[in-house]
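There are 2 protein chains.
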Amino acid sequence: MEHPLSRLIDQFKLLPGIGQKSAERLAFYMLSLSKQKVDVFSDTVKQTRAHVRYCECCYSIAFEARCRLCLDPTRNQRQLCIVADAKSVFSLERMQRFKGVYHVLGGLLSPLDGIHPEVLRLKELLARLRSSSFDEIVLAINPSIEGEATIMYIKSLLAPLSLNVSTLAYGLPVGADLDYIDELTLEKAYIGRSVEEKMSL
Amino acid sequence: MEHPLSRLIDQFKLLPGIGQKSAERLAFYMLSLSKQKVDVFSDTVKQTRAHVRYCECCYSIAFEARCRLCLDPTRNQRQLCIVADAKSVFSLERMQRFKGVYHVLGGLLSPLDGIHPEVLRLKELLARLRSSSFDEIVLAINPSIEGEATIMYIKSLLAPLSLNVSTLAYGLPVGADLDYIDELTLEKAYIGRSVEEKMSL
Chain A
36 MEHPLSRLID QFKLLPGIGQ KSAERLAFYM LSLSKQKVDV FSDTVKQTRA HVRYCECCYS
96 IAFEARCRLC LDPTRNQRQL CIVADAKSVF SLERMQRFKG VYHVLGGLLS PLDGIHPEVL
156 RLKELLARLR SSSFDEIVLA INPSIEGEAT IMYIKSLLAP LSLNVSTLAY GLPVGADLDY
216 IDELTLEKAY IGRSVEEKMS L
Chain B
36 MEHPLSRLID QFKLLPGIGQ KSAERLAFYM LSLSKQKVDV FSDTVKQTRA HVRYCECCYS
96 IAFEARCRLC LDPTRNQRQL CIVADAKSVF SLERMQRFKG VYHVLGGLLS PLDGIHPEVL
156 RLKELLARLR SSSFDEIVLA INPSIEGEAT IMYIKSLLAP LSLNVSTLAY GLPVGADLDY
216 IDELTLEKAY IGRSVEEKMS L
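Protein chains in written order, with the numbering used here: chain A, 36 to 236; chain B, 36 to 236.
Just so you know, the hints here were simulated from the structure itself, not pulled from any lab data. There may be inaccurate statements among the hints.
Stated by the list, open to error - The calculated DSS-like cross-link candidates involving lysine-lysine, where the alpha carbons are at most 30 Å apart (straight line), are: (1) B:134 x A:48; (2) B:122 x A:56; (3) A:72 x B:122; (4) A:70 x B:56; (5) B:56 x A:134; (6) A:122 x B:134; (7) A:48 x B:158; (8) A:72 x B:70; (9) A:72 x B:48; (10) B:158 x A:70; (11) A:122 x A:134.
Please put together the full structure from these sequences, using the hints given.
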């Protein structure tokens, strides 16, 4: 006879970063909550997954045909930020600095994993760039091998369109310690160093 | 307009050990799963919480009136292990060594948190000890301040019944390094050292 919680523990173990012990802890925690609270939790999971879909304009996540950012009249429709996934949109929105709109690629180029250019939403990107005009295109993509490859590919794709294309700066993260930073990042920070207008020594 | 995932993220943040970033990760992960898988997850959470109850014999968790261990005819009904909560039963069962039955106290004495002896299932324990006879009572309780207090209280409670009462051994955890172990544990390990029958130097 299996343990009453074994099915629940198995379900929690499917989540990323949750191992056996964490799953057990979460399962027992669920029992300590009121039935009502657990119902709210499980209904939220189910309902959110059931109702979320891709925005027909930027391919970020939305409850309606278009996402709240594409519908927002205060967003600058002439600034486009290209990102790998909807999670990136979420992270960039947290900085509250970019006020334009997004285009979600749906992944990064990775031929070994079968992610070729045609898998990404590049056709949709080109259609969008042709139908609207943008003052600036920002590529906000992870500085990983796949990210760099994707950035290079998109840059070559956009070259004939003569657009202002920028990428996020490489450099030291805030609070970094020069003694502990890897030499590649340090080199990028050195190459990208900013020159003061006037410098009185 | 709120983010489509904000409610789900808030729900995940209620779980122990899940902060803002982990909750975001889990919420986006849910979107990457099929609706069917997410339904199984949320239904398992809801159904488990709805159907789990306390075993009427040992107060561990069960789907029926009695838990699977109390119903198991192969368990030794004359060995009783007293534990703080149902999670402890789960952990002890993992070692596959103890073959007796359990009694779940439902907490540890902590007067400052309002957990007095009458809150724990001690009346039920005494009733059980009077109605059945046990060869051994094992106190498997955390060696914390509350745990020690609870062990002392139960020992005083059981003293008039002249039962064989044992507690888990203190000592070095397997794989420990003497240089890093705290001195209290080291002292307990020294006090509880085992003497070899014959020692040829």
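So, going through the hints one by one against the coordinates:
Using a Cα cut-off of 30 Å, the hinted pair residue 134 of chain B and residue 48 of chain A holds, with the two alpha carbons roughly 27 Å apart. Distance restraint check for residue 122 of chain B and residue 56 of chain A: the Cα-Cα separation of roughly 11 Å lies within the 30 Å cut-off, and the hinted pair is therefore satisfied. Our distance criterion of 30 Å between C-alpha atoms is met by residue 72 of chain A and residue 122 of chain B, whose separation comes to about 20 Å. Pair hint residue 70 of chain A plus residue 56 of chain B holds up; C-alpha atoms about 26 Å apart against a cutoff of 30 Å.
With a C-alpha separation of about 23 Å, the suggested pair residue 56 of chain B and residue 134 of chain A falls inside the 30 Å cut-off, and the hint holds. Taken as a hint, the residue 122 of chain A and residue 134 of chain B pair is broken in the structure, with Cα atoms around 49 Å apart against an allowance of 30 Å. As the CA atoms of residue 48 of chain A and residue 158 of chain B are separated by approximately 37 Å, the hinted pair breaks the 30 Å bound. Simply put, residue 72 of chain A and residue 70 of chain B have alpha-carbon atoms about 22 Å apart, close enough for the 30 Å limit, and the pair holds.
With a C-alpha separation of about 13 Å, the suggested pairing of residue 72 of chain A with residue 48 of chain B holds against the 30 Å cut-off. Taken as a hint, the residue 158 of chain B and residue 70 of chain A pair is honoured in the structure, with Cα atoms around 27 Å apart against an allowance of 30 Å. With a CA separation close to 17 Å, the supplied pair residue 122 of chain A and residue 134 of chain A stays within the 30 Å bound.
Of the numbered hints given earlier, the model fails hints 6, 7; all others are met.
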